[in-house]
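My request is simple: use the sequences and hints to build the entire structure.
Chains as they are written, first to last, in numbering that gives the first Met the number 0: chain D, 0 to 648; chain L, 0 to 404.
If you're looking for bench data, these hints aren't it; they were derived computationally from the structure.
Be careful, since some hints might not be right.
Unchecked claim - 30 Å max Cα-Cα, derived BS3-like pairs, lysine-lysine: (1) K79(L) with K396(D); (2) K79(L) with K43(L); (3) K396(D) with K110(L).
Stated by the list, open to error - One-sided and incomplete, this derived list gives chain D residues near chain L with beta-carbon spacing under 10 Å: (4) N152; (5) S177; (6) L240; (7) I383; (8) G472; (9) F474.
Even glycine gets a Cβ: it sits at the ideal position worked out from N, Cα and C.
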Amino acid sequence: MAILETLRRRLFGKRGTRESLVSLLPGLSIVLTLAGLAWLFVLPMQDQSRRTYISENALLPGQAHTYFHGSEENIVRAFKEEVRLLKDAPNLERARTMQQWLSDIGYKSATHNWSMSHYDDVKTGVNVYGVLHAPRGDTTESMILCAPWLNRNGVLNESGMAIAIALARYFSRWSIWSKDIILLIPSDTGFGLSKWVEDYHYTSMPVSSGSIEGGIVLDFPGESGTFEKLEIFYSGVNGHLPNLDLVNTVGVICGHMGINVIVHNVDAGDEDYKSRAVTLVSGIAQQALSGLYGPGAGSEAFSGWRIDAVTLAAKPSSNGYEPYDQMMYGRLIEASMRSINNLLEHFHQSFFFYLLLSPRRFVSIGTYLPSAMLIGASFTIKGIYHWMTSSSTMTDKTIDEAIRAFWLFMATVLFSVGLLSLSAWLPSSMLASGAFVVMAVTPTLPIIFRLFISAKPLSYIHKLQSYILISVGLFLTTLSTLNFSLSLMFGLIFAPLAHCLSPNLPRNGNHRSAALIGQLLRSLTNIMSCIAVVATCPWLDIYLYYLIAVKGTEFPHTLSIVAVQDFITNTSQDEFSEFLSGMMWSWRGLGVWSFVPVIFLVWLPLWLVSCVVVSVRPLSEFDQSATGDGQKPGVESSSSPTTDHKLSS
Amino acid sequence: MDSRTWAVILAAAVLRLSLSWIFPSLNSILGQHVAVTTSMTSFKQLKEGLHLYEIGISPYHGGVYHQAPIFLLLFKLLGKFGSTAPNSLVVNGVYIFTDSLTSYFLCAISKSPSLAKTDQLASWVIASIYLFNPLVIATNVARSTAVLSNAAMIGSIAYACYNRNVLSVMFLVLASHANIYMVYLVPPFLLLWTSKRGSSMASGAKYLLLYITASAGLASIGYFMTGSVQYLSATYGFLLFFEDLTPNMGLWWYFFMEMFDFFRPLFTYIFQLYSFIYVLPITFRLHNYPLIAITCIVGITTLSKSYPEVGDLGVYISLLSLFRFIFPNVRYTLVAVLVLLHSLVLAPSFYHLWIYLGSGNANFFYAITLVYTIGLTIILTETLRATLLFEFTGGKDPSKAVAQI
Numbered sequence: 000m001a002i003l004e005t006l007r008r009r010l011f012g013k014r015g016t017r018e019s020l021v022s023l024l025p026g027l028s029i030v031l032t033l034a035g036l037a038w039l040f041v042l043p044m045q046d047q048s049r050r051t052y053i054s055e056n057a058l059l060p061g062q063a064h065t066y067f068h069g070s071e072e073n074i075v076r077a078f079k080e081e082v083r084l085l086k087d088a089p090n091l092e093r094a095r096t097m098q099q100w101l102s103d104i105g106y107k108s109a110t111h112n113w114s115m116s117h118y119d120d121v122k123t124g125v126n127v128y129g130v131l132h133a134p135r136g137d138t139t140e141s142m143i144l145c146a147p148w149l150n151r152n153g154v155l156n157e158s159g160m161a162i163a164i165a166l167a168r169y170f171s172r173w174s175i176w177s178k179d180i181i182l183l184i185p186s187d188t189g190f191g192l193s194k195w196v197e198d199y200h201y202t203s204m205p206v207s208s209g210s211i212e213g214g215i216v217l218d219f220p221g222e223s224g225t226f227e228k229l230e231i232f233y234s235g236v237n238g239h240l241p242n243l244d245l246v247n248t249v250g251v252i253c254g255h256m257g258i259n260v261i262v263h264n265v266d267a268g269d270e271d272y273k274s275r276a277v278t279l280v281s282g283i284a285q286q287a288l289s290g291l292y293g294p295g296a297g298s299e300a301f302s303g304w305r306i307d308a309v310t311l312a313a314k315p316s317s318n319g320y321e322p323y324d325q326m327m328y329g330r331l332i333e334a335s336m337r338s339i340n341n342l343l344e345h346f347h348q349s350f351f352f353y354l355l356l357s358p359r360r361f362v363s364i365g366t367y368l369p370s371a372m373l374i375g376a377s378f379t380i381k382g383i384y385h386w387m388t389s390s391s392t393m394t395d396k397t398i399d400e401a402i403r404a405f406w407l408f409m410a411t412v413l414f415s416v417g418l419l420s421l422s423a424w425l426p427s428s429m430l431a432s433g434a435f436v437v438m439a440v441t442p443t444l445p446i447i448f449r450l451f452i453s454a455k456p457l458s459y460i461h462k463l464q465s466y467i468l469i470s471v472g473l474f475l476t477t478l479s480t481l482n483f484s485l486s487l488m489f490g491l492i493f494a495p496l497a498h499c500l501s502p503n504l505p506r507n508g509n510h511r512s513a514a515l516i517g518q519l520l521r522s523l524t525n526i527m528s529c530i531a532v533v534a535t536c537p538w539l540d541i542y543l544y545y546l547i548a549v550k551g552t553e554f555p556h557t558l559s560i561v562a563v564q565d566f567i568t569n570t571s572q573d574e575f576s577e578f579l580s581g582m583m584w585s586w587r588g589l590g591v592w593s594f595v596p597v598i599f600l601v602w603l604p605l606w607l608v609s610c611v612v613v614s615v616r617p618l619s620e621f622d623q624s625a626t627g628d629g630q631k632p633g634v635e636s637s638s639s640p641t642t643d644h645k646l647s648s
Numbered sequence: 000m001d002s003r004t005w006a007v008i009l010a011a012a013v014l015r016l017s018l019s020w021i022f023p024s025l026n027s028i029l030g031q032h033v034a035v036t037t038s039m040t041s042f043k044q045l046k047e048g049l050h051l052y053e054i055g056i057s058p059y060h061g062g063v064y065h066q067a068p069i070f071l072l073l074f075k076l077l078g079k080f081g082s083t084a085p086n087s088l089v090v091n092g093v094y095i096f097t098d099s100l101t102s103y104f105l106c107a108i109s110k111s112p113s114l115a116k117t118d119q120l121a122s123w124v125i126a127s128i129y130l131f132n133p134l135v136i137a138t139n140v141a142r143s144t145a146v147l148s149n150a151a152m153i154g155s156i157a158y159a160c161y162n163r164n165v166l167s168v169m170f171l172v173l174a175s176h177a178n179i180y181m182v183y184l185v186p187p188f189l190l191l192w193t194s195k196r197g198s199s200m201a202s203g204a205k206y207l208l209l210y211i212t213a214s215a216g217l218a219s220i221g222y223f224m225t226g227s228v229q230y231l232s233a234t235y236g237f238l239l240f241f242e243d244l245t246p247n248m249g250l251w252w253y254f255f256m257e258m259f260d261f262f263r264p265l266f267t268y269i270f271q272l273y274s275f276i277y278v279l280p281i282t283f284r285l286h287n288y289p290l291i292a293i294t295c296i297v298g299i300t301t302l303s304k305s306y307p308e309v310g311d312l313g314v315y316i317s318l319l320s321l322f323r324f325i326f327p328n329v330r331y332t333l334v335a336v337l338v339l340l341h342s343l344v345l346a347p348s349f350y351h352l353w354i355y356l357g358s359g360n361a362n363f364f365y366a367i368t369l370v371y372t373i374g375l376t377i378i379l380t381e382t383l384r385a386t387l388l389f390e391f392t393g394g395k396d397p398s399k400a401v402a403q404i
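Okay, structure coming up:
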């Protein structure tokens with residue numbers, strides 16, 4: 000024991016073990032955040048990832064010979080011509096014609112009218128679909144072949160649709176199918192497709208089939224019918240991904256056929272660190288923001304329904320070199336459908352949680368999860384630190400203070416819930432004006448807090464911070480199991496609020512010599528807190544994101560007022576309004592609960608509490624005992640020596 | 000009961016009423032969630048049993064209904080006053096009234112002669128710890144019948160504290176009729192019933208006899224209702240032999256799902272024995288503190304019973320709130336709270352991953368129930384330790400020496 004005691008003395012000096020350990024927590028918290036971030040950049044290293052492999056033996060990708068060539072090309076060309084003729088036809092006529100085609104080739108077909116409305120903001124469309132009942136099946140399982148009318152960029156999906164219909168016609172002649180084939184032509188890849196999937200499961204449709212085991216979305220715009228490379232889109236909404244086996248199947252088939260396949264628009268093998276890192280980061284960004292604005296690639300509409308789907312997008316070349324033709328694309332789809340058809344049970348064998356570094360290389364959840372978990376844990380640990388510095392014993396006074404801090408915490412949460420319901424209820428046209436009001440009010444919040452919240456003792460502020468940090472830590476760890484990327488993203492955005500925030504300290508002017516340094520330090524920490532709070536303001540960040548990522552505005556290089564003004568005003572109210580209503584619609588229409596509600600229910604309370612922390616007036620221990628438990632509001636902090644000072648310095 | 004307590008009860012009633020009116024689907028969402036209700040307490044199954052009973056078929060045929068026959072009588076009676084849909088006025092009224100009554104009982108216990116001598120939290124705090132506990136609210140909104148049996152159990156404690164022993168026996172009979180694990184509370188209750196000065200072993204035996212007779216009487220109504228003894232195996236047998244492997248917050252389902260059938264009887268005995276094995280030692284050791292003994296047994300049952308649900312934890316926490324005097328001795332509160340908080344948030348999300356998205360599997364959810372058990376175990380052992388320390392120091396306030404984590 001003597002050795003231990005000596006060791007303790009060496010390590011911590013005269014302080015008690017508990018105080019020493021508690022004083023280590025903020026450092027530990029920062030280290031955890033940095034380690035989480037560093038871990039992310041370890042992942043693309045050569046030895047941290049694995050090559051993909053087919054886990055489900057039944058799939059047998061690329062083993063069956065494909066016959067979609069020769070005279071089938073005439074049929075593809077003919078359908079392409081027909082599709083082109085329908086280009087300017089009204090929705091309903093277009094749908095009727097296509098339904099007729101499907102009936103002619105022997106499919107049970109129907110149209111699906113959908114509409115969604117929020118006040119006068121109405122979205123409508125007509126989907127067409129047909130079902131081929133499996134010659135060797137019992138209509139309990141099906142697979143889906145989906146060719147949207149407009150692709151993810153809103154371009155007419157000409158070749159994609161022609162190939163899909165020609166393939167459907169070709170498939171109907173085979174007797175090998177053990178799963179029904181559903182050919183779906185939705186009006187777009189966003190609401191139209193997701194509404195169809197929802198109605199397929201919730202309502203009784205005129206033509207129906209069994210549970211959908213897998214799906215492939217065809218995305219092949221343009222009339223030329225040749226392409227340079229194939230991009231696989233696989234992200235679903237709310238962080239949901241299709242089984243890795245499906246992505247691999249496509250990858251393996253492409254490998255057999257010699258098609259150049261890419262993910263996340265990164266066209267470089269998996270040989271160098273940089274391309275793997277770029278793929279990883281864009282994969283994380285896509286998983287986090289999937290479905291947020293504009294129609295997605297199409298595969299995300301199937302997530303959340305136990306349907307594994309990928310979008311295969313044929314990308315035209317920029318320099319005219321296009322080695323692959325549309326029949327090759329068709330054979331790729333044929334081979335993929337054959338593999339899905341081979342499945343004996345639902346996709347389950349391979350990973351559902353993975354990050355791709357290249358089409359043939361991935362990291363699994365066990366390797367990447369620590370990253371988000373460490374960042375989540377750093378919030379919890381910082382919260383524990385705040386709790387432990389604020390109360391050493393549980394007396395009636397501290398319990399009372401804990402309860403009062405809890406009320407303020409609950410008030411910010413309830414306010415955020417209120418604001419969320421309000422913005423969900425506002426008509427789309429009023430969103431932008433509402434946002435401008437909120438943005439105008441926000442800068443006055445610190446002043447309001449400073450004036451209307453009575454001076455608080457330091458331990459009260461610590462308790463307040465501990466509540467919010469523990470809740471945020473709890474939320475981030477939970478979210479990291481559902482949507483790793485979003486958890487990581489929010490963890491990094493919130494990090495300054497956990498580490499750089501220190502409450503106002505009561506003035507301490509007794510020690511003349513230390514006063515100057517003390518003042519300097521204090522103003523430095525105050526400035527850092529203010530910067531942290533301003534930089535993490537949700538509205539500001541969303542607006543900056545909109546300007547830079549959505550509008551593509553150049554960040555001003557010179558810090559002149561004109562340049563900054565140009566940067567900030569590079570938008571019209573209509574465009575911004577459309578952006579905001581798109582975010583609301585993604586929640587309302589596509590069920591992306593992991594973004595808008597999270598901003599309001601987690602980010603906003605955290606930010607509001609931080610705002611309170613930096614703006615509320617301090618109450619020193621001396622005043623507190625003089626005025627009786629600090630109950631009386633409005634006591635100016637006096638220049639008395641305080642014991643609180645050392646707690647947070 | 001001061002005005003503040005009444006205000007808390009009123010606010011809790013308004014909250015429950017507005018929850019089930021603003022979100023009408025909440026009843027069925029929570030009512031079908033495995034963490035909140037089990038087949039022993041599900042309101043949906045109660046409705047099905049009630050329907051069978053009303054059209055003259057034995058509700059215990061077909062393996063739908065596994066709850067006590069008395070609930071059928073109660074809800075048949077309630078049906079005469081209006082609809083018994085989960086968010087109808089009658090059912091809302093009954094459940095809100097039961098929860099308010101439970102909180103009233105808890106306040107009464109804290110004001111009882113034996114506890115009033117000690118350091119106690121204010122009545123309104125005790126009432127709000129029960130009424131505003133999210134676990135209790137969820138159990139109530141899910142219309143779990145555990146709300147009713149827990150109310151009977153806490154009522155029984157309250158009457159025992161005021162020496163109304165016959166009423167206390169009757170309430171415990173009701174509670175253990177609905178939830179057989181409440182039988183474990185009989186030994187510490189015997190301590191309570193005989194705690195009055197001058198009472199003897201004979202009076203204890205008298206109450207025990209009364210308890211057994213009344214229980215047998217109540218259990219036999221099932222025979223008169225259905226005309227056969229099949230209900231015994233459908234209710235008590237179903238619970239004792241753990242026939243439903245639906246996941247829940249407990250330790251049983253995963254083991255029994257993995258196990259070969261011929262091992263099942265052995266492990267059923269072992270698991271049931273495990274849930275009982277602590278009862279007598281705790282009763283003997285804490286014979287000076289029968290209320291704490293009851294609370295500890297409630298906690299251990301929450302951990303080891305075959306169909307546990309999160310509402311049990313809510314009741315256990317509310318019972319703990321009565322013992323303000325041992326709080327200063329309890330260590331690791333922050334750890335236990337954080338562990339429980341994380342497990343309670345992660346459990347539904349892992350269940351969602353497993354059942355709805357299909358991207359997780361049973362191990363996810365089971366791992367979280369293990370974490371939940373660890374949190375519960377920390378609280379259990381720390382309460383026991385704090386009680387023994389309190390006994391050892393002779394009831395002096397040792398808070399100066401002990402640091403809080």
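**OP:** May I ask you to test the interface hint for S177(D) with respect to chain L, counting a Cβ-Cβ separation under 10 Å as satisfied?
**Re:** Since the shortest Cβ distance to chain L is 21 Å, the answer is violated.
Subject >> Restraint outcome when N152(D) is required to lie within 10 Å of chain L by C-beta distance >> reply: violated, 29 Å
**OP:** Verify the proposed pairing of K79(L) with K43(L), using a straight-line Cα cut of 30 Å.
**Re:** holds, 19 Å
**OP:** Using 10 Å as the Cβ threshold, decide whether I383(D) counts as touching chain L.
**Re:** holds, 7 Å
**OP:** Would you settle whether the hint for F474(D) is holds or violated, based on the nearest Cβ-Cβ distance to chain L being less than 10 Å?
**Re:** Result: holds, 8 Å to nearest chain L Cβ.
**OP:** With a cut-off of 30 Å on the C-alpha distance, tell me whether K396(D) and K110(L) pass.
**Re:** holds, 23 Å
Original post:
Given L240(D) as an interface hint, is the shortest Cβ-Cβ distance to chain L below 10 Å?
Top reply: holds, 8 Å
**OP:** Please work out if K79(L) and K396(D) have their alpha carbons no farther apart than 30 Å.
**Re:** Outside the cut-off at roughly 52 Å; violated.
Subject >> Evaluation of the interface hint that places G472(D) against chain L, nearest CB under 10 Å >> reply: Where the cut-off is 10 Å and the nearest Cβ of chain L is about 9 Å from G472(D), the hint holds.
Comparing the model with each numbered hint stated earlier shows that hints 1, 4 and 5 do not hold.
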